[in-house]
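Undergrad: Sequence:
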Amino acid sequence: KIKLESNEKAKEIIVNAMLHASTDYVVEYTVSKVKLLDPEMKGRIIGKEGRNIKVFEEQTGVNLDMEEDGDLVRISSFDPVRREIAKISLERLMADGRIQPAKIEEIVSKTAKEIDVIIYKEGEELCHKIGVYNLPKELIFMLGKSGFCPSINLDVSLKIIRFP
1 KIKLESNEKA KEIIVNAMLH ASTDYVVEYT VSKVKLLDPE MKGRIIGKEG
51 RNIKVFEEQT GVNLDMEEDG DLVRISSFDP VRREIAKISL ERLMADGRIQ
101 PAKIEEIVSK TAKEIDVIIY KEGEELCHKI GVYNLPKELI FMLGKSGFCP
151 SINLDVSLKI IRFP
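The opening residue of the sequence shown carries number 1 in this note's numbering; numbering runs sequentially from there.
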């Protein structure tokens, strides 16, 4: 009887845990801000007929929101890794000054590769901290991504991983 009811009980426990642990997404968790270096930078980011901003949004998978009077660009996405890639890429583009579709593609691609390396290293460090070795690379990468997501409680994740 216990074996038959254990799966249902396990599902019930997981659903209850998810209900109690769920939080509403707040703007501070889905938006990053980048300060414009000068007022004309906004026009260069948008580009002729909005070409640059379209390419940037397509390449990064985020939405850019320019303040009309302000000197901030808001980067919004529910994916914290994409948001970080977009933020770093936009900062690099502004520092370089050459904001055009080919340069956008190049910088976003380069930044994404660098972030992937950082994520993997974070995952490896996390594995070493808890003493778990020989995990598949995909799982190590997923663990590294948890550092970008404020909604993930690492203490709970570590306990789940160590559970026999």
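Keep in mind the hints are simulated off the structure, nothing from the lab.
Any given hint might turn out to be false.
DSSO-like mimics (lysine-lysine), calculated; alpha carbons at most 30 Å apart, straight line [claimed, not checked]:
#: 1; residue 1: Lys87; residue 2: Lys54
#: 2; residue 1: Lys121; residue 2: Lys103
#: 3; residue 1: Lys54; residue 2: Lys129
#: 4; residue 1: Lys129; residue 2: Lys35
#: 5; residue 1: Lys121; residue 2: Lys3
#: 6; residue 1: Lys35; residue 2: Lys137
#: 7; residue 1: Lys103; residue 2: Lys129
#: 8; residue 1: Lys87; residue 2: Lys33
Estimated spans, in silico, between C-beta atoms of each pair [stated by the list, open to error]:
#: 9; residue 1: Tyr120; residue 2: Gly70; range: 41 to 51 Å
#: 10; residue 1: Gln100; residue 2: Ala10; range: 27 to 37 Å
#: 11; residue 1: Ser76; residue 2: Met142; range: 40 to 50 Å
#: 12; residue 1: Ile130; residue 2: Met18; range: 20 to 30 Å
#: 13; residue 1: Glu106; residue 2: Asp71; range: 34 to 44 Å
#: 14; residue 1: Ser109; residue 2: Gly131; range: 30 to 40 Å
#: 15; residue 1: Glu12; residue 2: Arg51; range: 19 to 29 Å
#: 16; residue 1: Met18; residue 2: Lys129; range: 50 to 60 Å
#: 17; residue 1: Lys48; residue 2: Ser109; range: 14 to 24 Å
#: 18; residue 1: Glu58; residue 2: Tyr133; range: 35 to 45 Å
#: 19; residue 1: Gly43; residue 2: Asn16; range: 24 to 34 Å
#: 20; residue 1: Lys137; residue 2: Glu106; range: 24 to 34 Å
Ideal placement from N, C-alpha and C gives every residue a C-beta, glycine not left out.
Undergrad: Taking the hints in turn, state whether each one holds.
TA: Status of each hint after checking the structure:
1. Lys87 with Lys54: Satisfied, since the Cα-Cα distance of roughly 15 Å is no more than 30 Å.
2. Lys121 with Lys103: 27 Å, holds
3. Lys54 with Lys129: 42 Å, violated
4. Lys129 with Lys35: 36 Å, violated
5. Lys121 with Lys3: Cα-Cα ~40 Å, so violated.
6. Lys35 with Lys137: 36 Å, violated
7. Lys103 with Lys129: 39 Å, violated
8. Lys87 with Lys33: The hint holds at about 8 Å.
9. Tyr120 with Gly70: 41 to 51 Å: Cβ of Tyr120 to Cβ of Gly70: about 36 Å, so the range 41 to 51 Å is violated.
10. Gln100 with Ala10: 27 to 37 Å: 54 Å, violated
11. Ser76 with Met142: 40 to 50 Å: Given a distance of about 23 Å, which is not inside 40 to 50 Å, the answer is violated.
12. Ile130 with Met18: 20 to 30 Å: Holds, since Ile130 and Met18 (Cβ atoms, about 23 Å apart) stay within the stated range.
13. Glu106 with Asp71: 34 to 44 Å: 26 Å, violated
14. Ser109 with Gly131: 30 to 40 Å: 35 Å, holds
15. Glu12 with Arg51: 19 to 29 Å: 53 Å, violated
16. Met18 with Lys129: 50 to 60 Å: 25 Å, violated
17. Lys48 with Ser109: 14 to 24 Å: 22 Å, holds
18. Glu58 with Tyr133: 35 to 45 Å: At roughly 39 Å between Cβ atoms, Tyr133 and Glu58 fall inside 35 to 45 Å, so the hint holds.
19. Gly43 with Asn16: 24 to 34 Å: Violated: the Cβ-Cβ distance is about 52 Å, outside 24 to 34 Å.
20. Lys137 with Glu106: 24 to 34 Å: 26 Å, holds
Of the numbered hints listed earlier, those contradicted by the structure are 3, 4, 5, 6, 7, 9, 10, 11, 13, 15, 16 and 19.
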